[in-house]
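Visitor: Here are the chains, one letter per residue:
Protein chains: 2
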Amino acid sequence: MPTHSNVNRAIRDASPALDALLSELGRAAEYPPDIPFQAAQARSVSLNATIGQITDGSGGILALKAVSEQLGSLADRHLDAALLYSPVEGDPELRRLWARHHRPSGAAGAGSSLPLVTIGLTEALSLVADLCCDRGRAVLVPAPFWGNYRQIFGLRRGASIVPVEVIRERRFEARAIVEAVHSQPEGEPVVLILNFPSNPLGYSPTVDERTELVEGLVRAAEARPILAICDDAYSGLVFEDGVPSESLYWSLVGRHPSLLPVKIDGATKELVLFGARVGFLTFPFPRDSAVAIAVESKLKCLLRASVGSPVALSQRLVVETLRTPGVEDEVATVREILGRRYRCLKEALAAADPRLLRPVAFNSGCFAVLDLPDGLDSEKVRRRLLADYDTGVVSLGGSYLRLAYCSVKEESLGTLIERIESCLSAMLSE
Amino acid sequence: MPTHSNVNRAIRDASPALDALLSELGRAAEYPPDIPFQAAQARSVSLNATIGQITDGSGGILALKAVSEQLGSLADRHLDAALLYSPVEGDPELRRLWARHHRPSGAAGAGSSLPLVTIGLTEALSLVADLCCDRGRAVLVPAPFWGNYRQIFGLRRGASIVPVEVIRERRFEARAIVEAVHSQPEGEPVVLILNFPSNPLGYSPTVDERTELVEGLVRAAEARPILAICDDAYSGLVFEDGVPSESLYWSLVGRHPSLLPVKIDGATKELVLFGARVGFLTFPFPRDSAVAIAVESKLKCLLRASVGSPVALSQRLVVETLRTPGVEDEVATVREILGRRYRCLKEALAAADPRLLRPVAFNSGCFAVLDLPDGLDSEKVRRRLLADYDTGVVSLGGSYLRLAYCSVKEESLGTLIERIESCLSAMLSE
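Going down the list, the protein sequences come from chains R and S. Heads up: the first sequence runs through residues -7 to 422, numbered per our numbering. Heads up: the second sequence runs through residues -7 to 422, numbered per our numbering.
Bear in mind the hints are in silico, worked out from the structure with no lab data behind them. Virtual Cβ for every residue (Gly too), placed ideally from N, Cα, C. Any given hint could turn out to be false.
[Claimed, not checked] One-sided and incomplete, this derived list gives chain R residues near chain S with beta-carbon spacing under 10 Å:
{"#": "1", "residue": "Leu14"}
{"#": "2", "residue": "Pro24"}
{"#": "3", "residue": "Trp138"}
{"#": "4", "residue": "Glu312"}
{"#": "5", "residue": "Val323"}
{"#": "6", "residue": "Lys338"}
{"#": "7", "residue": "Ala340"}
{"#": "8", "residue": "Leu341"}
{"#": "9", "residue": "Asn355"}
{"#": "10", "residue": "Phe359"}
{"#": "11", "residue": "Asp363"}
[What the hints assert, rightly or not] For lysine to aspartate or glutamate, the following EDC-like pairs were computed, each having C-alpha atoms within a straight-line distance of at most 16 Å:
{"#": "12", "chain 1": "R", "residue 1": "Lys57", "chain 2": "S", "residue 2": "Glu322"}
{"#": "13", "chain 1": "R", "residue 1": "Lys401", "chain 2": "S", "residue 2": "Asp48"}
{"#": "14", "chain 1": "S", "residue 1": "Lys57", "chain 2": "R", "residue 2": "Glu16"}
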């Protein structure tokens, strides 16, 4: 059984960078030798009275018929796996399947832990925040960004959110991220969020931008530990040739001992399973290494202290989905639908008045951002679109408006742009 | 849209006790006016481009066939509700159904909020800890207790766990809890956990003990704010006549302005749905009151910062289960099975050597605790049972061993007690 000094030593020995990044909570966390631990030890005995699950006495769930009748083949074939507690770290079969699903063929040798299963991607972010953020820790976030990073890292952990303006004249600038790392006090560890394809921008770096970013971060890691959180929520949704769709994680892993990428991804968008809440968290340490086991012990402790265990029902659904013949084709079909919407939106924007509709560079994901004409406030535009144009969009504050074209029909995108154009025109002439 | 000063003022005006109990995080939390907020405002427009869900463009999910084929009638009739995001506070229909399911007929007038949906009961506990616990806050926990309270309140929030020994000579003493509240520094707010039927003890107070506890807490609230967390995980599992099975929450609500009960319960044990992770958190404020809205705003913020939203798939399963005709009979059948195991265990214990097998008082729930003979350590006994008797039980440290009879067949309980008896006898004679 590991002890605090052991798990912390395993991390210090293998990764002084992670050791420097640990929060007070992260340092104290360690999976306790209590009930799930003791239950895991008793899994194979003939009389198992360890765990408070209501079973038939042989490890099978005493499910209500009113439950199992709703569930179709999931209940017929996998009732126990769907309705009993999941292991805290996640279903072992799902962890293996997801790792295989996400490992690019060229990265076979790269050392990565088995993904830990979380409650959607948000909990994976939240666990990393718990592990590595105390009050004042700098968290660099390319801006504009998903507002919930503020709640996860800033509000809950007291970290200091540092927005990094990556848009200059409506174009993406990779160097802004590297410069922001350099501008932090010398030697100070930083957390950096890399969300590509991004929410809200819908942008993924080109080959040259990727190289600039990756090589810049490798050099920056000479000066400080960097935890690079690759938030791959929109993984695979890239709609332009020549824009790499592979996660940045695989370009960063193993490049520098002080550059620690972690990979966060999930079934939410990749398998169109928003309500199932299945996310994954992968660390850049070889499977079964002492440091991987130590990090997992800490994460399991934090997971147990916040949600108990991940959702068995959803995990079993994901396992069966990943095993279904032809599922890759179905995923490709969804991507094609989104690709058609992407191109349709591009065309509608190209046809609109360029003084009114000024898109920020976008090439991937689910969103596009408009940079509103000078003098218009995005929140006022949002409310006006809601009140007078029967149209819902998201205001990001300032001059940015986000369009989620992933949830609009291809044939309605022209209307969407027309309505926004009319609204902006009306507001400018008032 | 509420603002910090508004939500905090609503709490201060309606409940100075809760105001005194708020943690720094609880005070800062407020549901932000970002994407879910803006999406909620746009629910009824004809062109909704607010939210990053992959839909058919009319609000229906673009589900993979590989997913929907697993799900039977849940997919046939409720695909969108099961697979799109849940509202952060939970499915409105489920919240209403669960409130009705749990409200005793006599408590119709008691003011209680609609339950917020959480990731199992653990997240409900964790949200209350976030809301009300800073470093050093006293959290009184009747002992022996479920070890995970330490992780949730102590490790994550830095609260000071105060174990309250409620067992004297293997009998439950309600007054110990009241005395522990009085022994805290005068005026200092306290958090108190009331878990009945309890884990690990499997005990619920008798009518007289309940009266002593409730009246004692009402008097103690004269001297300080008390947040009384009713952890009703094992609700309804009471196996002795004359032991009330109704939650203590309903006896505490509305009794004293400084005595704030919160109710935590869930589908986990009540509907035998361990892996679905559906819990509920209810506050003692009238539905739709300003203070209920303010508390919900804070809880939704904390929920969004940790898990995003609760599990839509599991919530829909619970809704459909609760609506199935005859489900109450099915639940009663499960309770009868556990009741038979309870009586069978009682009989086996009565037939065993009373010097070796000394059960602590138990009458409900899923567990029984043995007080081991002097000189035997529970962890050593656990390991010996595992190694030599093919039997898994849980050691609670010291002299206490927990038996989860909820997961052992009725006809095996005699063998369980025989094996423990043999093991103890062997260890004592060494």
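Visitor: Taking the hints in turn, state whether each one holds.
Guide: Verification of the supplied hints:
| no. | hint | verdict |
| --- | --- | --- |
| 1 | Leu14 | violated, 14 Å |
| 2 | Pro24 | holds, 6 Å |
| 3 | Trp138 | holds, 8 Å |
| 4 | Glu312 | holds, 5 Å |
| 5 | Val323 | holds, 7 Å |
| 6 | Lys338 | violated, 15 Å |
| 7 | Ala340 | violated, 12 Å |
| 8 | Leu341 | violated, 13 Å |
| 9 | Asn355 | violated, 16 Å |
| 10 | Phe359 | holds, 7 Å |
| 11 | Asp363 | violated, 16 Å |
| 12 | R:Lys57 - S:Glu322 | holds, 8 Å |
| 13 | R:Lys401 - S:Asp48 | holds, 6 Å |
| 14 | S:Lys57 - R:Glu16 | violated, 45 Å |
Of the numbered hints given earlier, the model fails hints 1, 6, 7, 8, 9, 11 and 14; all others are met.
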